[in-house]
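Engineer: Mind assembling these two chains? They're in different frames, but the hints should get you there.
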Amino acid sequence: MSRREALRAEARSSAAGRRSRVAAALVCLGLSALAVSVGTSVVTAGSATGGAATSASAALSTASTASGSTGSPGGGAVSAAVVPAPEAVALSDVAAPVAVAVPSLGISSPLLRLGVDADGALEVPGEADRAGWFEHGPAPGAVGPAVVVGHVDSREGPGVFAALSTVAVGAEVDVAREDGSTARFEVTRVQQVAKDAFPTDEVYGPVAGPELRLITCGGAFDPSTRHYVDNVVVYARLV
Amino acid sequence: MRAPAHPRARRAAVGALLLALALGPVPAASAAGNSGDDAYIRVAHLVPGFGGVTMTATLTGFDGSTRELTLAPEATYGAITGYEVLPAGSYAVAVRPLGAAASTAPVLTQTLQARAGDAYTIAGLGDSTAPRLSAIQDDLAAPSSGTARVRVLPAAEPGQTTDVTTASGARVASGAEFSVPTGYVDVPAGSTTFTATTGQRSAQETTTLDGGSVYTVLVLADGTSGLEVRPVRDATGSGVVPAGGAAAGGGYLAEHAAAPAGTGTAASAAAGTALAGAAFGGALLLVRRRSARRAAAR
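Heads up: the sequence lines are chains A and B, in that order.
Using this note's numbering, the first residue of the first sequence is number 1, and each one after it goes up by one.
Using this note's numbering, the first residue of the second sequence is number 1, and each one after it goes up by one.
Looking at chain B on its own, in the form it has when it is part of the complex (with noise of 0.2 Å):
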């Protein structure tokens, strides 16, 4: 995705925010078991007229233990971060303002429940005399062949609805309410240009959509009459989806073997791996192999 033509202090804050939640939590893996237990979990900060905040969490894993982590250390608004793979479990996130101690009362909170395999978006919402802290579950569901799915996330002025529309006529919010996110609709892939409305405040943004992919278009308040539309990536999926499995067998270990193959017989592993050679030496390996396959033709 393209960013928008006319960079903003914002945006560096939002990249100063993305290095810092890369380079803070340990290893996800490493606090709750195999990394099968894992969600993506991302942040952000849409309460216009809110100053900066700190976002952190605390996890308790399944076996009870605890772990504090700094999801982002300075978010200002409109800022968002990438999507970090965290472990799945019980979350209690807390927003202080920044440079508040840790120990001072946070002015919000949510928990948030992880399922594994699940993507999430902790974001304040709301206006400045009524923040509140939302855990909304990102919905992944594969868009249909060639569209992408969108969705609006109205966060530019409280008390006003916002429509959005593409130049090519879909209707991708229509009156949404302010901080509530709209549903998905599927958007044909490809360069898309969005028209933003939202009370006196208009905005365009051209941006191209990847078939199989899912967005989330933040609609931004840009000072007091200005209105930014910014198309986020949630997801990503193929833009191609072949149909059905894949032939990859002959027989062979079916028929020469007692178990079936992806049983993992001793046999069939040990001739993979002799199959296999050295890792990654492409040219050896096929020098090896043609010469015994010649060696098996005489």
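For reference, chain A alone in the conformation it holds in the complex (with noise of 0.2 Å):
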């Protein structure tokens, strides 16, 4: 079967695999975040162009699609509604991250584009599979401090950073761009911590050069919430 083929025949089938995925939103994102979720879902869906991070099925992604940075005005407008200062974006001349691999790990995976949800919270994928640059702080590469996110698992497997937290400090973390070019980071430290203690300043806080921070789930499960109670942080320093 042919890419497109394959992407066509995932097509039909995407409203069966939509309910399951809304499933795994319910649980990442919460309510308030998952009416934003399936608004946006209907946008991107219909906007995906073929870039490395879209596909027909991106339908839950909750960012416009990677495939240029200005995105589509329509992904453009649904981000106004749920992003509170998009202005904020343009801080340097580096291309717009698409995709990020931890080869030591075999982590690998193209970069959904993610803001802030209702909440001021961090968005975070629709997909457990993908990760996600989030698009209104530092591109990776430039001064300051990137974050890219992804889900250490969902309700029906692991996610594309389920490893993560096992990352070695010296390890390798390379950002492929939009203009063909790749930002290699080096780790330079891991951490575990609760989520009612999130690091804000140390994570989203000025730096005096590119870094980049990777961020998922970790600790306990609480099954009451359905939530881990920790984040794991890495830090990674441009080399």
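Hint data in this document are derived by calculation from the structure and do not stem from the laboratory.
Keep in mind it's a predicted model, so treat the numbers as computed, not measured.
Here a beta-carbon is modelled for each residue, glycine too, at the ideal position from N, C-alpha and C.
Be aware that a few hints might be false.
Just so you have them, the derived chain B footprint on chain A, three or more residues with Cβ under 8 Å [unchecked claim]:
id: 1; segment: 140-150
id: 2; segment: 196-204
What follows is a set of in silico ranges between Cβ atoms, one per label pair, in the way DEER data are often shown [said to hold, decoys possible]:
id: 3; chain 1: A; residue 1: T182; chain 2: B; residue 2: S65; range: 42 to 48 Å
id: 4; chain 1: B; residue 1: G244; chain 2: A; residue 2: S224; range: 16 to 22 Å
id: 5; chain 1: A; residue 1: D93; chain 2: B; residue 2: D139; range: 49 to 55 Å
id: 6; chain 1: B; residue 1: T58; chain 2: A; residue 2: A118; range: 53 to 59 Å
id: 7; chain 1: B; residue 1: G226; chain 2: A; residue 2: A197; range: 33 to 39 Å
id: 8; chain 1: A; residue 1: A118; chain 2: B; residue 2: D186; range: 26 to 32 Å
id: 9; chain 1: A; residue 1: P103; chain 2: B; residue 2: T193; range: 44 to 50 Å
id: 10; chain 1: A; residue 1: T182; chain 2: B; residue 2: R171; range: 43 to 49 Å
id: 11; chain 1: A; residue 1: S224; chain 2: B; residue 2: T193; range: 50 to 56 Å
id: 12; chain 1: A; residue 1: D179; chain 2: B; residue 2: G190; range: 40 to 46 Å
id: 13; chain 1: B; residue 1: A170; chain 2: A; residue 2: S224; range: 47 to 53 Å
Residues on chain B that point at chain A, a partial pick, calculated with CB under 10 Å [to be verified]:
id: 14; residue: D63
id: 15; residue: A119
id: 16; residue: D222
Structural biologist: In structure tokens:
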């Protein structure tokens, strides 16, 4: 089956798939964010244009596609409704990221674009097997703390960052960018921290060089809230 | 940040200096273990009337080994490098006139204990009759929402104080002493026009301040009677700061493995690897994953 045929077949089956992904999104995002996700899906599913991070089944993507730095008009309109400060995007001339890889762990994922949800929290990917870039912070490779987030798991299986907490200090993290270049980072620190004590300043605060943070869940799982108690934050620096 | 509209020869010197700094030291990580042990260090020449200098440093690592570094092969008044990533440790910084042999006694020296993760500006300060070398720790605390943090480093005219205001009325520096950096103040993000006054000299400069970022405004002499206002970016933060952590899990690993997620069981690592597929092979990855999902749905 060719890729095109595969995508077409997937589009036909996407309605069923969407239901299961909605369940996953419910777990990950909570009810209010779910509303945002579903609303966005209508737009982004139609605007997928074949970039590495797009497909006909990107139904629950909560961000615009990665195929262009300006995004589609439709995606932009939706983003404006949920993101408070879009003017803060253009921090540098560094090209936007399209994929992330941690070769030592076999992690590789196209990158969605993420903003903040209705509660002001970091948006997370609608699919557990894809990572996303927080597009209202610096681009990876520009000076500042670029943020990439991915799920450790969903209800149904492991996520793209299932193994992230095992990454070694000194490990390589590669970020492919729209202009064909790759930014190479080196892990400097791995931190597991309670979500209710999340180190916002350390993760998002000013830094003097180009840095990267990879974020996922970790620690104990609370079955009553269906959330992990901790976040795992991997700090890396451009090399 | 935009460069001022009036280029000066000084800028060429800064460019050359940056290049040399980037090429000079061996990669930081090779000298002091892993890269988590590194600090950000930049150097500046802010002594009006003082000639060009070479700035070198001897680094003593935690293991006692020493390394010679050239921080700036050729720095003239007004030069400031970008930050370089250098190993944390003990630095003995030396300044010599341009062309002086490394064996000659330095004209200025200073020591710096650089801690991992912190940022430092090693600056030649004072006037030409009494120059000194200072190691300034740059405070990279996060600005409040929608603002940038700005400090002033007056380096134009000995004996004169400096005032800096913004067009919107914020007082960034008031009666600031020559060669002493002020504290940081919050300034609303966006296009900002700084007006600086030192004695009889005055100048303006407009720049765009990014929210969440940190800046130093250098106030420099421009000839015998002119003034230059040069905003320099110290550090960049996220312009938008999400609240709290990230809800990036659904519970599968916790409910299907002996150990919780985040502790790195072999099973979870293997599963993650299997899902991830080939590096950057987005298209192939998607097709394979979709196929698997359809198969599972049957």
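Engineer: Compare the structure with each hint and give your call.
Structural biologist: Cross-check of the supplied hints:
no.: 1; hint: 140-150; in the structure: holds (count 7)
no.: 2; hint: 196-204; in the structure: holds (count 5)
no.: 3; hint: A:T182 to B:S65: 42 to 48 Å; in the structure: 33 Å, violated
no.: 4; hint: B:G244 to A:S224: 16 to 22 Å; in the structure: 19 Å, holds
no.: 5; hint: A:D93 to B:D139: 49 to 55 Å; in the structure: 27 Å, violated
no.: 6; hint: B:T58 to A:A118: 53 to 59 Å; in the structure: 55 Å, holds
no.: 7; hint: B:G226 to A:A197: 33 to 39 Å; in the structure: 51 Å, violated
no.: 8; hint: A:A118 to B:D186: 26 to 32 Å; in the structure: 27 Å, holds
no.: 9; hint: A:P103 to B:T193: 44 to 50 Å; in the structure: 47 Å, holds
no.: 10; hint: A:T182 to B:R171: 43 to 49 Å; in the structure: 45 Å, holds
no.: 11; hint: A:S224 to B:T193: 50 to 56 Å; in the structure: 55 Å, holds
no.: 12; hint: A:D179 to B:G190: 40 to 46 Å; in the structure: 28 Å, violated
no.: 13; hint: B:A170 to A:S224: 47 to 53 Å; in the structure: 48 Å, holds
no.: 14; hint: D63; in the structure: 17 Å, violated
no.: 15; hint: A119; in the structure: 4 Å, holds
no.: 16; hint: D222; in the structure: 27 Å, violated
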